[in-house]
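**Student:** Respectively, the protein sequence lines represent chains A and B. So in the working numbering, spot 123 of the first sequence is number 123, and the numbers just go up one at a time. So in the working numbering, spot 381 of the second sequence is number 381, and the numbers just go up one at a time.
Please keep in mind that the hints were generated in silico from the structure rather than gathered at the bench. Hints may be right or wrong, so weigh each one.
Stated by the list, open to error - Pairs of lysine to aspartate or glutamate, EDC-like flavour, derived with a Cα cap of 20 Å: (1) A/Lys-97 to A/Glu-40; (2) B/Lys-213 to A/Glu-73; (3) B/Lys-213 to A/Asp-104; (4) B/Lys-340 to B/Asp-328; (5) B/Lys-213 to A/Glu-47.
Unchecked claim - Here are some, though not all, of the chain A residues that point toward chain B, as calculated from beta-carbon distances under 7 Å: (6) Asn-57; (7) Val-60; (8) Phe-63; (9) Ser-121; (10) Phe-198.
What the hints assert, rightly or not - Short derived list, chain A residues pointing at chain B, Cβ under 10 Å: (11) Ala-52; (12) Arg-53; (13) Asp-54; (14) Thr-56; (15) Gly-62; (16) Ser-65; (17) Leu-95.
Backbone N, C-alpha and C fix where the C-beta goes; we use that ideal spot for every residue, glycine too.
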Amino acid sequence: MSARRIAVVSAGLSQPSSTRLLADRLAAATIAALGARGVEASAETFELRDLARDVTNNLVTGFPSPALESAIERVTAADGLIAVTPIFTTSYSGLFKSFIDVLDPASLTDMPVLLGATGGSERHSLAIDYAMRPLFAYLHARPVTTGVFAASADWGRGAQPGQEDAASGLHDRIARAAAELATAIVQSTRDAGARDPFAPPDGSAGLRSGLSQVGAYGETR
Amino acid sequence: MSGDESGMQFGIFSVSDITEDPTTRTTISEAQRIRDWITMAVHAEEVGLDVVAIGEHHNPPFFSSSPTTTLAYVAAQTKRILLSTATTLITTDDPVKIAEDFAMLQVLSEGRTDVMLGRGNTGPVYPWFGKDIRQGIELAMEHYGLLHQLWHEEVVDWSGRFRTPLQGFTSTPRPLDGVAPFVWHGSIRSPEIAEQAAYYGDGFFANNIFWPKEHYQRLIGYYRQRFEHYGHGTAAQAIVGLGGQFFARRNSQDAVDEFRPYFDHAPVYGHGPSLEEFTAQTPLTVGSPQQVIDRYAAMREHFGDYQRQLFLVDHAGLPLKTVLEQLDILGGEIVPALRKELAKDRPAEVPAAPTHESQVAKALAGKLPVPGGRAPSAPDGQASSSAGGHPSSVPERAQRVEGHTGAAFGVQR
Numbered sequence: 001m002s003a004r005r006i007a008v009v010s011a012g013l014s015q016p017s018s019t020r021l022l023a024d025r026l027a028a029a030t031i032a033a034l035g036a037r038g039v040e041a042s043a044e045t046f047e048l049r050d051l052a053r054d055v056t057n058n059l060v061t062g063f064p065s066p067a068l069e070s071a072i073e074r075v076t077a078a079d080g081l082i083a084v085t086p087i088f089t090t091s092y093s094g095l096f097k098s099f100i101d102v103l104d105p106a107s108l109t110d111m112p113v114l115l116g117a118t119g120g121s122e123r124h125s126l127a128i129d130y131a132m133r134p135l136f137a138y139l140h141a142r143p144v145t146t147g148v149f150a151a152s153a154d155w156g157r158g159a160q161p162g163q164e165d166a167a168s169g170l171h172d173r174i175a176r177a178a179a180e181l182a183t184a185i186v187q188s189t190r191d192a193g194a195r196d197p198f199a200p201p202d203g204s205a206g207l208r209s210g211l212s213q214v215g216a217y218g219e220t221r
Numbered sequence: 001m002s003g004d005e006s007g008m009q010f011g012i013f014s015v016s017d018i019t020e021d022p023t024t025r026t027t028i029s030e031a032q033r034i035r036d037w038i039t040m041a042v043h044a045e046e047v048g049l050d051v052v053a054i055g056e057h058h059n060p061p062f063f064s065s066s067p068t069t070t071l072a073y074v075a076a077q078t079k080r081i082l083l084s085t086a087t088t089l090i091t092t093d094d095p096v097k098i099a100e101d102f103a104m105l106q107v108l109s110e111g112r113t114d115v116m117l118g119r120g121n122t123g124p125v126y127p128w129f130g131k132d133i134r135q136g137i138e139l140a141m142e143h144y145g146l147l148h149q150l151w152h153e154e155v156v157d158w159s160g161r162f163r164t165p166l167q168g169f170t171s172t173p174r175p176l177d178g179v180a181p182f183v184w185h186g187s188i189r190s191p192e193i194a195e196q197a198a199y200y201g202d203g204f205f206a207n208n209i210f211w212p213k214e215h216y217q218r219l220i221g222y223y224r225q226r227f228e229h230y231g232h233g234t235a236a237q238a239i240v241g242l243g244g245q246f247f248a249r250r251n252s253q254d255a256v257d258e259f260r261p262y263f264d265h266a267p268v269y270g271h272g273p274s275l276e277e278f279t280a281q282t283p284l285t286v287g288s289p290q291q292v293i294d295r296y297a298a299m300r301e302h303f304g305d306y307q308r309q310l311f312l313v314d315h316a317g318l319p320l321k322t323v324l325e326q327l328d329i330l331g332g333e334i335v336p337a338l339r340k341e342l343a344k345d346r347p348a349e350v351p352a353a354p355t356h357e358s359q360v361a362k363a364l365a366g367k368l369p370v371p372g373g374r375a376p377s378a379p380d381g382q383a384s385s386s387a388g389g390h391p392s393s394v395p396e397r398a399q400r401v402e403g404h405t406g407a408a409f410g411v412q413r
């Protein structure tokens, strides 16, 4: 089975950030889970902070810089996506949403996605389900059912296996979500090479739908 | 109207924005901006340019809601320059009115008229004109089908989805010499529009001024390939136009210093990327005339030898005096050098930019393109008889279209 490519989008703003920390752990766990299924995988991480100006410029001009375009291509052509954002003021960060906004809305269709978020306290944890999940549903992506929220406190107790409270801790949630994503990636039939809009239509079907169906002439009688 | 051995037409196109001059914090009146634009258009002919084109908008801060009125006024004050649009809204305008208005302009200007059709991307314009932006492509297809018919057939019976039917309708005035104004289909991103231009054998104008060249290489490559597929000629013979944008001064640093505030506050890209980033990523060139010449002489390396190059020179609040100086530089130095450069090694098969005269000659020779291409078995010349001033009857035409469509969709591949 061919190696799978996982794109990791991290919208943390500080460096280092707990968002990146969570993203790295989700990526490592997913690679391990794929390995357990006999599938080789690699992860590439995109720090949106590094692309912040490019994302803003794209919003203003309507086109991506070469660096951003390359990142968009690699994210949307990946076999799976791990998307992690800090929760700011009840929702995903503005930078995270801005990045999503410069994607072609069809470019994440059927993409297996693992949703992750970080915040100061676990009171924000449902933001994954009431903010992130509808966003990816709109894009026709396929987020796995377990989202992983890491509050500041999660980086203490239960973050490692065997520690006190481990059963309800971050490590187990990461492992569960990673297993779901690994399964989704293995089962995915998504064609990473999305349809090229500039490929000439082959045969008559494309052309007929392009011109004749909509009536290049109206009805000429 | 088309210069010389380069076969190229050079000109200016305007979006007609009324924007505050960021260096003086003043905004001229709408009436003044309109008068200024006329001055620019007339000066474009004085400095030897071939084309002046203006956009169509139905919302402030743009003044150009009625391009044929504006262009007719320019036509009356000029002798040689070709009048065009950038773009005419094929989606929300009534194709009957487009047929009438542009035929009128064509007759008054004695053939110095062509038209660039576009969909328009201002959302509210669609509902203002009773249309739905989600049907933009379908509107462009159906409306142009009717426009084409109105110009190529004397008496039209028509019905479609988006407009009330026509029975026994004749669009007046008839196109000058029985030959329709040349049509460019403008697009910044839609392969469907490139397909439409190729299907009809019309020109394709890629307004590439705000986006990187890679995107337009694919769009224009697609159009060229499909133009050949439909049998209108080789890919190299497809009729291509490009947008451009520059600001030039004798010393390049002066150009950068003078243009930067206009760039930084420009409605389209201001407050975003730096001037340096934007000039690296798009055709905008700010510097000496030679830098502009070098940049645009290289365009054909990316897009193939082409026919029309239009420059945006009058936006973002640039004062009239500055724009007229830019036109002096464009007509005096840049375009003459580009004409020489682009004439070099231009393959003989690449056609010169279309003019009324060249279209009339084509019509007389029976060589005007037929929608969807000519059936391989069709006798040469028969198919374009309607364009030559002797319109075939409607049933004949319907049959012909059917036959050609079938041929283009299957037989030729």
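**Student:** Compare the structure with each hint and give your call.
**Tutor:** Cross-check of the supplied hints:
| no. | hint | in the structure |
| --- | --- | --- |
| 1 | A/Lys-97 to A/Glu-40 | 31 Å, violated |
| 2 | B/Lys-213 to A/Glu-73 | 17 Å, holds |
| 3 | B/Lys-213 to A/Asp-104 | 19 Å, holds |
| 4 | B/Lys-340 to B/Asp-328 | 18 Å, holds |
| 5 | B/Lys-213 to A/Glu-47 | 27 Å, violated |
| 6 | Asn-57 | 4 Å, holds |
| 7 | Val-60 | 3 Å, holds |
| 8 | Phe-63 | 5 Å, holds |
| 9 | Ser-121 | 36 Å, violated |
| 10 | Phe-198 | 4 Å, holds |
| 11 | Ala-52 | 13 Å, violated |
| 12 | Arg-53 | 8 Å, holds |
| 13 | Asp-54 | 9 Å, holds |
| 14 | Thr-56 | 7 Å, holds |
| 15 | Gly-62 | 6 Å, holds |
| 16 | Ser-65 | 7 Å, holds |
| 17 | Leu-95 | 16 Å, violated |
Violated hints for the displayed structure, listed by number in ascending order: 1, 5, 9, 11 and 17.
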